[in-house]
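Trainee: Listed below, chain by chain, are the residues.
Protein chains: 2
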Amino acid sequence: MAKSSSPKLRIVPLGGLGEIGKNMTVFELGNDAIIVDTGIMFPANDMFGVDYIIPDFSYLTGRKDLKIHGILYTHGHEDHVGATQHVVQAFPGVPIYATPLTAGLIEVKLKDAQLHKSTKIHTFRAGDVLKVGPFVVESYHVCHSIPDCVGFGINTPYGIIVHSGDYKFDNTPVDGKRTDYAKLAEFSRRGVLMLMGDSTNADSPGWTPSESVVEGAFDSVFRQAKGRIMVATFASLISRFNQVGVVAERYGRKIAVAGTSMAKNIEMSRELGILKVPDDMFMDLSRIGHYPVGKVVILVTGAQGEPSAVLARLSTGRHRQLDVQPGDTIILSSHTIPGNEESVNRTINRLFQRGADVIYDPIAQVHVSGHARQEEMKLLIGLTNPQYFMPIHGELRHLRAHAKLALQSGIAYDKVFVVENGFVIEIDKNGARVAERVPGSYVFVDGSGVGDIGKAVIRDREVLARDGFMMVVVNVDSKSGEMIDGPEIVSRGFVYLRDSNELLDTIKGTIHDVLLSRNGDSPARLREKLQESLGRVLYNETKRRPMVFTVINER
Amino acid sequence: MAKSSSPKLRIVPLGGLGEIGKNMTVFELGNDAIIVDTGIMFPANDMFGVDYIIPDFSYLTGRKDLKIHGILYTHGHEDHVGATQHVVQAFPGVPIYATPLTAGLIEVKLKDAQLHKSTKIHTFRAGDVLKVGPFVVESYHVCHSIPDCVGFGINTPYGIIVHSGDYKFDNTPVDGKRTDYAKLAEFSRRGVLMLMGDSTNADSPGWTPSESVVEGAFDSVFRQAKGRIMVATFASLISRFNQVGVVAERYGRKIAVAGTSMAKNIEMSRELGILKVPDDMFMDLSRIGHYPVGKVVILVTGAQGEPSAVLARLSTGRHRQLDVQPGDTIILSSHTIPGNEESVNRTINRLFQRGADVIYDPIAQVHVSGHARQEEMKLLIGLTNPQYFMPIHGELRHLRAHAKLALQSGIAYDKVFVVENGFVIEIDKNGARVAERVPGSYVFVDGSGVGDIGKAVIRDREVLARDGFMMVVVNVDSKSGEMIDGPEIVSRGFVYLRDSNELLDTIKGTIHDVLLSRNGDSPARLREKLQESLGRVLYNETKRRPMVFTVINER
Numbered sequence: 001m002a003k004s005s006s007p008k009l010r011i012v013p014l015g016g017l018g019e020i021g022k023n024m025t026v027f028e029l030g031n032d033a034i035i036v037d038t039g040i041m042f043p044a045n046d047m048f049g050v051d052y053i054i055p056d057f058s059y060l061t062g063r064k065d066l067k068i069h070g071i072l073y074t075h076g077h078e079d080h081v082g083a084t085q086h087v088v089q090a091f092p093g094v095p096i097y098a099t100p101l102t103a104g105l106i107e108v109k110l111k112d113a114q115l116h117k118s119t120k121i122h123t124f125r126a127g128d129v130l131k132v133g134p135f136v137v138e139s140y141h142v143c144h145s146i147p148d149c150v151g152f153g154i155n156t157p158y159g160i161i162v163h164s165g166d167y168k169f170d171n172t173p174v175d176g177k178r179t180d181y182a183k184l185a186e187f188s189r190r191g192v193l194m195l196m197g198d199s200t201n202a203d204s205p206g207w208t209p210s211e212s213v214v215e216g217a218f219d220s221v222f223r224q225a226k227g228r229i230m231v232a233t234f235a236s237l238i239s240r241f242n243q244v245g246v247v248a249e250r251y252g253r254k255i256a257v258a259g260t261s262m263a264k265n266i267e268m269s270r271e272l273g274i275l276k277v278p279d280d281m282f283m284d285l286s287r288i289g290h291y292p293v294g295k296v297v298i299l300v301t302g303a304q305g306e307p308s309a310v311l312a313r314l315s316t317g318r319h320r321q322l323d324v325q326p327g328d329t330i331i332l333s334s335h336t337i338p339g340n341e342e343s344v345n346r347t348i349n350r351l352f353q354r355g356a357d358v359i360y361d362p363i364a365q366v367h368v369s370g371h372a373r374q375e376e377m378k379l380l381i382g383l384t385n386p387q388y389f390m391p392i393h394g395e396l397r398h399l400r401a402h403a404k405l406a407l408q409s410g411i412a413y414d415k416v417f418v419v420e421n422g423f424v425i426e427i428d429k430n431g432a433r434v435a436e437r438v439p440g441s442y443v444f445v446d447g448s449g450v451g452d453i454g455k456a457v458i459r460d461r462e463v464l465a466r467d468g469f470m471m472v473v474v475n476v477d478s479k480s481g482e483m484i485d486g487p488e489i490v491s492r493g494f495v496y497l498r499d500s501n502e503l504l505d506t507i508k509g510t511i512h513d514v515l516l517s518r519n520g521d522s523p524a525r526l527r528e529k530l531q532e533s534l535g536r537v538l539y540n541e542t543k544r545r546p547m548v549f550t551v552i553n554e555r
Numbered sequence: 001m002a003k004s005s006s007p008k009l010r011i012v013p014l015g016g017l018g019e020i021g022k023n024m025t026v027f028e029l030g031n032d033a034i035i036v037d038t039g040i041m042f043p044a045n046d047m048f049g050v051d052y053i054i055p056d057f058s059y060l061t062g063r064k065d066l067k068i069h070g071i072l073y074t075h076g077h078e079d080h081v082g083a084t085q086h087v088v089q090a091f092p093g094v095p096i097y098a099t100p101l102t103a104g105l106i107e108v109k110l111k112d113a114q115l116h117k118s119t120k121i122h123t124f125r126a127g128d129v130l131k132v133g134p135f136v137v138e139s140y141h142v143c144h145s146i147p148d149c150v151g152f153g154i155n156t157p158y159g160i161i162v163h164s165g166d167y168k169f170d171n172t173p174v175d176g177k178r179t180d181y182a183k184l185a186e187f188s189r190r191g192v193l194m195l196m197g198d199s200t201n202a203d204s205p206g207w208t209p210s211e212s213v214v215e216g217a218f219d220s221v222f223r224q225a226k227g228r229i230m231v232a233t234f235a236s237l238i239s240r241f242n243q244v245g246v247v248a249e250r251y252g253r254k255i256a257v258a259g260t261s262m263a264k265n266i267e268m269s270r271e272l273g274i275l276k277v278p279d280d281m282f283m284d285l286s287r288i289g290h291y292p293v294g295k296v297v298i299l300v301t302g303a304q305g306e307p308s309a310v311l312a313r314l315s316t317g318r319h320r321q322l323d324v325q326p327g328d329t330i331i332l333s334s335h336t337i338p339g340n341e342e343s344v345n346r347t348i349n350r351l352f353q354r355g356a357d358v359i360y361d362p363i364a365q366v367h368v369s370g371h372a373r374q375e376e377m378k379l380l381i382g383l384t385n386p387q388y389f390m391p392i393h394g395e396l397r398h399l400r401a402h403a404k405l406a407l408q409s410g411i412a413y414d415k416v417f418v419v420e421n422g423f424v425i426e427i428d429k430n431g432a433r434v435a436e437r438v439p440g441s442y443v444f445v446d447g448s449g450v451g452d453i454g455k456a457v458i459r460d461r462e463v464l465a466r467d468g469f470m471m472v473v474v475n476v477d478s479k480s481g482e483m484i485d486g487p488e489i490v491s492r493g494f495v496y497l498r499d500s501n502e503l504l505d506t507i508k509g510t511i512h513d514v515l516l517s518r519n520g521d522s523p524a525r526l527r528e529k530l531q532e533s534l535g536r537v538l539y540n541e542t543k544r545r546p547m548v549f550t551v552i553n554e555r
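Each protein sequence line maps, in turn, to chains L and D. First residue of the first sequence: 1, per the working numbering; consecutive thereafter. First residue of the second sequence: 1, per the working numbering; consecutive thereafter.
Just so you know, these hints were derived from the structure itself, not from any lab. Take the hints with a grain of salt, since some may be wrong.
[Said to hold, decoys possible] Listed next, the in silico DSBU-like pairs over lysine-lysine satisfying Cα-Cα at most 35 Å (straight line): (1) K264/D to K543/L; (2) K111/L to K543/D; (3) K529/D to K455/L; (4) K254/D to K543/L; (5) K254/D to K404/L; (6) K117/D to K529/L; (7) K543/D to K117/L; (8) K404/L to K226/D; (9) K117/D to K543/L; (10) K264/D to K378/L; (11) K529/L to K479/D; (12) K543/D to K455/L; (13) K455/D to K455/L; (14) K508/L to K508/D; (15) K508/L to K64/D; (16) K479/L to K479/D; (17) K529/D to K479/L; (18) K404/L to K295/D; (19) K415/D to K543/L; (20) K131/D to K64/D; (21) K543/D to K64/L; (22) K109/L to K117/D; (23) K455/D to K508/L; (24) K226/L to K254/D; (25) K508/D to K455/L; (26) K295/L to K226/D; (27) K455/D to K529/L; (28) K120/L to K131/D; (29) K109/D to K543/L; (30) K508/D to K479/L.
Treat the numbers as computed from the prediction; the structure is a model and nothing was measured.
So here's chain L without its partners, still in its complex pose (with noise of 0.2 Å):
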């Protein structure tokens, strides 16, 4: 029970491109904080140039009096750890908590940004208790796409807080371990004030199927494919790569890695002991060759369609080791992410041209989701017996799915917090409520660029992107006011001037014109006299508007 004099209990959601709550979670209590993921969002596709999306933290810099004691990890995926390096920059020495695969992953990042050396990465593994600040951490399995996955059951003086992390209930999982439903009960029985819980999934009906599906399809594909096989997934998903390895060895099948990131993964997974596939089940890419076609699998990256990774440039015959051939057996075993289905689809349909037969869901069940649906959702709630509900990780439309699935449970009403981004959730004896609002944003990353673009800037791109610009350099005789030898006309992304010789005349003759009327204007004047009437002119004979720019140089 809480005593009279204990601090507020704050819970602040960060970050987020439609997703809420997701990559980043701030738990105060009084000056005491502690974080839980920093991950990155990846840009829409009218974004342009945006390369990722990091959470603007810029309320926890700005909160010079809170003392950050640790950032815990739920698990590796790159919208849970992506921008480590980010927070870490701006929060020297913060220790790290993960799990052994997932501080692997986040490693990795903070060597390249030389922040490994500055940072302590604290291992656990599931089930340990963690002693962060004025906070008891009770760690937890959790079943997703990636191994050494958990939720948290966050200790507070007004009652345990459970955070289920990207999670799903799989009661066959391919490594054995289900998400810990003892535990779950345990906080249940001991009273869990409120329940953060996953809504990915929330318009789903029914119950995600077990990733033991995906083996039977596996086998079915390589008991038929007599070519290559080739399976592309991402490069993260270790738990499929251990699937693989057991359909290949059934088949005789060796396995050879296509992309730099999966291979690294795979050699860490290895390390570690979570990868189980025998070591001389793998070969080196360049010795396919010495093996007949059908003894032959490979894990390629790229399944999203991403034009630099294996599968796009073999469906564009652009890798350098591997190329497409009749008879090969491709499949995605991958979930396509909202944005990318025009690459995805076109890919695939570009390996078919290449002769390949290509295998992806709904063809056949060659991946299932890694997230709960709304019967486990239920079952969760159902399992923890909160007081109150927070929906996190979904867009707004499945927060309030997931409400809908809290409310038939039983929850009430004004117990049941949606709230976007920014929004603090503060408790104390009198209970919880929505407190005041801060900035949960997000900011781009382009180039080395970290917050330097923002909506003008996308705009002018937007613009760019639609309809190019024009540059018009006039030489004028400051004496006679006639243009001489000119005009010099650049355009990009307009039309071809080249091939455009009468919009090249209209072009002068409007130039003539605007000279003409000059009427002793400034050059300034003037100049924009020649802006708008070019503009007017281009769109009148072609009904596009690029952006224009003159200089009008006079001698």
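Please build the complex by placing chain D on the supplied structure of chain L, with the hints as guidance.
Mentor: Positioned in the frame of chain L, the structure of chain D alone reads:
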């Protein structure tokens, strides 16, 4: 039976971005030809600035020997009729054959293009036999997601070619009109030379649900909703309007319409008697304030998240007459077209933000596909029992999946033609084969320009979209060779120069260095050097590659 003197029959699928044999197909018999459908495609997300895409029919304009006797339309969707004005412009006076609704939709396009007076539209009804040049074409009704759809049985000297159009087998269609089983069976009895079948859903197992299930989902929403109901759907989904009408009447709600294209289509289909909702069920949008919220349903456009359509404007509070209120229920009765997922999801989230409850698939079955799935495809093959099979309407992956179904249905491998657009299928008394390839690609339409935007312009737009550009104007004293009063820098889509004093200093320093090391370089060479140096410096400083243009004025 074919006379030995019969000319060759040729089938030429044209156009299509990804989709094959969908937008436009030519049937030739010697020097006589007919066209089936002349549709458009919508650009992919990376086809910057392209408004829409039409088939490249330069093959046809090049065949001066060919007499085109008519264009026959299967139905009124844009991907089948959208390019009509472009084709009619190229072949003035070519007659059009269409069912009443399709004819109505085409007429609007021809009027906009001032081509309606010079174009003869022959209106026919499903079941009518059309004599077009040497072809006797038997039309037959098919179910799809717009009324008045047909397929064609095209009689040729070598047998009947059955073209499915866009179809599904709906045994309980909303308008009571099933796909014409009897006609298909009759074709089969007479002997089908070739089946050309819609492949859109060829990777989906099972049978597409009937349009009727949507009514059940609507009923459940209407029964529970206390506030206003808005239904967003395709502007051409007239059977859906009928369903809304039935349920609205049941629950005593009046219907208003928001969206010009939808209002036009409703007007037209009421005139044609296709929309059977009583007149007094409709009210003007301006009158909704006069009814209690529980007595109103509003049909709106924009179910694909298109920024300028009603739903997106409602989601951002930019609609002139309407706003979303807490208590509103909004149904998205539509399928999200691949590539639109991000904008649809964003729109849904924003509607939730404004307090509406949003119902979409998979929350409830408020939409069903208009295309057949695998079991229906096998039924069509079984009903027609064709000698040859040519999957059409779909990406290559769908065609391959459809071909597998044909093989399973007993059609021999060498009788199945999976070809891309532009491949000619040639048929004579010795059988069918793939002949030469003709141009069968597509043409971009941007603003008023048709085909003046090529890959190079799109590539420039892509570069501009990613990193923007910078223009630097340097005034140089021709005597001292030094920079005077400058430089003038304009950049768009790159960084906020105003916030980047350091970068400005670096640029100035670079200009200074380049001018210093001129060494008698020509103005052109100097300019080139400056452009290169600036590009390098900007990349080093920002890891971005904007386009750089320089102007050097010597005074």
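Trainee: Taking only the CA atoms, is the gap from K254/D to K543/L under or equal to 35 Å?
Mentor: 40 Å, violated
Trainee: Take a quick look at whether K455/D and K508/L sit within 35 Å of each other, Cα to Cα.
Mentor: 27 Å, holds
Trainee: Between K117/D and K529/L, does the CA-CA distance stay at or below 35 Å?
Mentor: 42 Å, violated
Trainee: Quick one, are K508/L and K64/D close enough, alpha carbons at most 35 Å?
Mentor: Outside the cut-off at roughly 39 Å; violated.
Trainee: Within 35 Å, alpha carbon to alpha carbon, are K404/L and K295/D?
Mentor: With a Cα-Cα distance of about 25 Å, the restraint between K404/L and K295/D holds, given a limit of 35 Å.
Trainee: Below or equal to 35 Å on CA atoms is what counts here, so check K254/D against K404/L.
Mentor: 29 Å, holds
Trainee: Verify the proposed pairing of K120/L with K131/D, using a straight-line Cα cut of 35 Å.
Mentor: Measuring from Cα to Cα gives roughly 83 Å; hence the hint is violated.
Trainee: Compare the distance between the alpha carbons of K529/D and K455/L with 35 Å, and conclude whether the hinted pair is satisfied.
Mentor: The given pair, whose Cα atoms are some 33 Å apart, holds under the 35 Å limit.
Trainee: Is the Cα-Cα distance between K529/L and K479/D 35 Å or less?
Mentor: 32 Å, holds
Trainee: Between K543/D and K455/L, is the straight-line Cα distance small enough, at 35 Å or below?
Mentor: 19 Å, holds
Trainee: Given the hint that K404/L pairs with K226/D, test it: the Cα-Cα distance must not exceed 35 Å.
Mentor: Judged against 35 Å, a Cα distance of about 17 Å means the pair holds.
Trainee: Straight-line Cα separation of K264/D and K543/L no greater than 35 Å?
Mentor: 25 Å, holds
The earlier numbered hints that this structure contradicts are 4, 6, 10, 15, 19, 22, 24, 26 and 28.
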